[in-house]
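Chains as they are written, first to last, in this note's numbering: chain A, 82 to 270; chain B, 82 to 270; chain C, 82 to 270; chain D, 82 to 270; chain E, 82 to 270.
These are computed hints drawn from the structure, not numbers from a lab.
Predicted model only: the values in this text are computed from it and were never measured.
Any given hint might turn out to be false.
Since the list gives no way to pick one copy over another, a pair counts as held whenever it fits inside one copy or between any two copies.
[Stated by the list, open to error] Here are the computed lysine-lysine pairs in the BS3-like style, where the Cα-Cα straight-line distance is at most 30 Å:
1) K159 with K189
2) K175 with K146
3) K175 with K104
4) K175 with K189
5) K189 with K104
6) K177 with K104
7) K104 with K199
8) K159 with K177
9) K104 with K146
10) K159 with K175
11) K159 with K104
12) K189 with K199
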Amino acid sequence: MLHIEFITDLGARVTVDVESADKLLEVQRQYGRLGWTSGELPSGGYQFPFDNEPDFDWALLGARKYTTPEGEELVYHKGHAYRRRELEPVDSRKMKLPAAVKYSRGAKNSDPEHVREKADGEFEYVTLAIFRGGRRQDRYALPGGAPSGAPRTAAPAQAQPAPQRPRPAAAAVAPRAAAVGVVEEETPF
Amino acid sequence: MLHIEFITDLGARVTVDVESADKLLEVQRQYGRLGWTSGELPSGGYQFPFDNEPDFDWALLGARKYTTPEGEELVYHKGHAYRRRELEPVDSRKMKLPAAVKYSRGAKNSDPEHVREKADGEFEYVTLAIFRGGRRQDRYALPGGAPSGAPRTAAPAQAQPAPQRPRPAAAAVAPRAAAVGVVEEETPF
Amino acid sequence: MLHIEFITDLGARVTVDVESADKLLEVQRQYGRLGWTSGELPSGGYQFPFDNEPDFDWALLGARKYTTPEGEELVYHKGHAYRRRELEPVDSRKMKLPAAVKYSRGAKNSDPEHVREKADGEFEYVTLAIFRGGRRQDRYALPGGAPSGAPRTAAPAQAQPAPQRPRPAAAAVAPRAAAVGVVEEETPF
Amino acid sequence: MLHIEFITDLGARVTVDVESADKLLEVQRQYGRLGWTSGELPSGGYQFPFDNEPDFDWALLGARKYTTPEGEELVYHKGHAYRRRELEPVDSRKMKLPAAVKYSRGAKNSDPEHVREKADGEFEYVTLAIFRGGRRQDRYALPGGAPSGAPRTAAPAQAQPAPQRPRPAAAAVAPRAAAVGVVEEETPF
Amino acid sequence: MLHIEFITDLGARVTVDVESADKLLEVQRQYGRLGWTSGELPSGGYQFPFDNEPDFDWALLGARKYTTPEGEELVYHKGHAYRRRELEPVDSRKMKLPAAVKYSRGAKNSDPEHVREKADGEFEYVTLAIFRGGRRQDRYALPGGAPSGAPRTAAPAQAQPAPQRPRPAAAAVAPRAAAVGVVEEETPF
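Chain A extracted, bound-state conformation (with noise of 0.2 Å):
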């Protein structure tokens, strides 16, 4: 038997029993539909597989996609709203970097320390998920959606570790986490 800790959308601490492993992601997809999340939210975001964004279930997150008026894609995540990023492969002298897909938002005062990221000037944010490189894993994807990648191999056991971002790249992505927090200061929510 197993037992996973849940926040539930009304901030309550709750523990569900789960049969066994195998179970598990199946739980965490019918109550992370609810907005329940269990664990904290790691330093630089959670990490997946670059081929894993197309279909990535949010829902194994408590997170879920949402469609604003004018159309932009944004996800939802225990009330804060990350807007999609596409990061352009690194390959200078000092360090290469394949390309990336990132959520991201304007980080709060409320935030803690150690999910802020520095970008341009006094400028911080906070990082909710990063897809890059790696090996697609299906266990992520929406149930019963088709991957509109097809994967590069079979899901090995454990994840693929997602790379880290070496700190030279902070410079690449400020510019573009800049305009996207003025971007934020001004959506009519």
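Given the coordinates of chain A, assemble chains B, C, D and E onto it according to the supplied hints.
Okay, now just chains B, C, D and E, sitting in the frame of chain A:
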């Protein structure tokens, strides 16, 4: 089987077994009426749809409405009294915000940093809950109570995330909050 | 079934199963007599109605009364000794406060910030419990003990929230607290 | 049924079911012998009666005695070595303190603030346990071991709270502690 | 019955029931192979006997060995890559230290204070594990694996506490660590 963790009115840490997920809110109401709470007050307070305010069941948060001898309605939560404030809609070039109702109090030295919000000057306050936008959810209403405002739509499975108040709104709120702060000092408890 | 989390007198983290909610206080008393505590000391101390002070059952908090060879009554809680202080009612233009009884001690370097309260000058103190206002609740009384003050009303289901001490009251308390602080240094434990 | 939470010798978080309250110390001994600990080191260290020192069962704390090749007795606890120090009684105009035995070590940068104690100058130390005053409790003794000092009284139900060391005592301790600090740096582990 | 708390590879908080204490390491291996971890990285890293390094089962920590295309062996743990470093024995007038193997990485802004270790200048690093001294324990070895170094003694019931690295050793380590830091920035993940 589920298990919900409470802090009792005596400050003890107690977990209660719950038969099934659909019984959860019922258990939260039952123990919330005794002043038991589950989870922490989130930064910026709990967020609910605007149309849930008139008949909101404060027991869900371990809180309760209280009318002072002077006839003012306060909400008590974990030993603190919160005042009701109506925030007018904002419609400027920088942002649009629908009307809201907010329950807040002046901050105390012992409040943790992440729940303090800045107002005018040195004044800081703490929000228990804000009701703005979204779609009414009947499950948050007092049991058996007739909502004073008719729901605009059926309740969705997941709470419509209440919008984040952009930072510029703080300026509009501040005079109101500061004024309340002074009143609070003089309250003859 | 309920489960209550304790810190034992040896500092261990132990959870005890409780058959039903109405057995909870009984279990708190049983283990509290061994010095076990559940939950953290709240900022400003536990708040109880004034009329509960004479026959309060300190075992509910994992504490106990102790009479020194000099005949002074102290309350011991998690290795600290707290002194009894009577606070006179306040009735000024700025605020009205009923009389109170407070159990407090001088702060130590190792006390967390949120339980330290400022008094005169550099002196800081920590409050275990304050008894002020509210309505007596029999469930807090020593079992079998005859309350020395008759209850004014029947005990309500939820604790009447004891009022928060407005900040200006600190000035009135300070001289008393500071004086006690000096005495404490000299106590021949 | 009770449940005790441990940190194992591998740093894992493991809860062990215990049939009844009177089996609790037995379970703490059993797993403590493997280096498992429950709860946090309290500020100022664990407090025990003076007469429990000679045959104290360190397994209760997940610690154990260890004799160095040089013949010195150390106590190991969670990867740290603590030295035994005898503190003479204090009998001044300001305070009276009975003799004590203390197990402490020099502080490390990674020690949390609330366990560090100031000594002379820049030197800081951490106390694992202090044995002073109080009444011997047989339940803390090594099972089957003959106490080298006869108990002065029967063991009461609750631990006699060991007295707090008033601040002025720090001065008396400092030279001793500082001297030990230097020795520690030179220890050929 | 025992219960072990994990953080899953998706960051969820999940407890797994374990039949008996002798099955615990088996369960840690089983879920550790999926990248699940239990408990926090201790200050200074996990400490193991030197002779356990060649065939250490990293799954016990939720980590795993990984060989880069360049043939370097790294250990991945919770999204971070750690490099293997050999520390020579220290034999000075001030201290004696046996040889060690250490797995560490450069610190990131988001690392908590208590796991950061100072090296030369501004450089800080984080240690996952250090293998030094002590006596080999077969229970830490890869199941079915032949240890490349024969155990010097039988495994005792409790882990021989690996010695603490005295502060002066930091100086010897620093140049090595700093050099590695530079390499890390250039790694083409």
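Tested hints:
1. K159 with K189: both (14 Å within a copy, 26 Å between copies)
2. K175 with K146: between (36 Å within a copy, 25 Å between copies)
3. K175 with K104: neither (44 Å within a copy, 47 Å between copies)
4. K175 with K189: Between copies only: 18 Å across chains, 32 Å inside a chain, cut-off 30 Å.
5. K189 with K104: neither (36 Å within a copy, 35 Å between copies)
6. K177 with K104: Cα proximity of K177 and K104: none, with 38 Å in one copy and 44 Å across.
7. K104 with K199: The answer is neither: 38 Å in one copy and 44 Å across copies each exceed 30 Å.
8. K159 with K177: between (33 Å within a copy, 22 Å between copies)
9. K104 with K146: Both, since 24 Å and 28 Å are each at most 30 Å.
10. K159 with K175: between (37 Å within a copy, 25 Å between copies)
11. K159 with K104: both (24 Å within a copy, 23 Å between copies)
12. K189 with K199: both (13 Å within a copy, 12 Å between copies)
The structure fails to meet hints 3, 5, 6, 7 from the earlier list, while all remaining hints are met.
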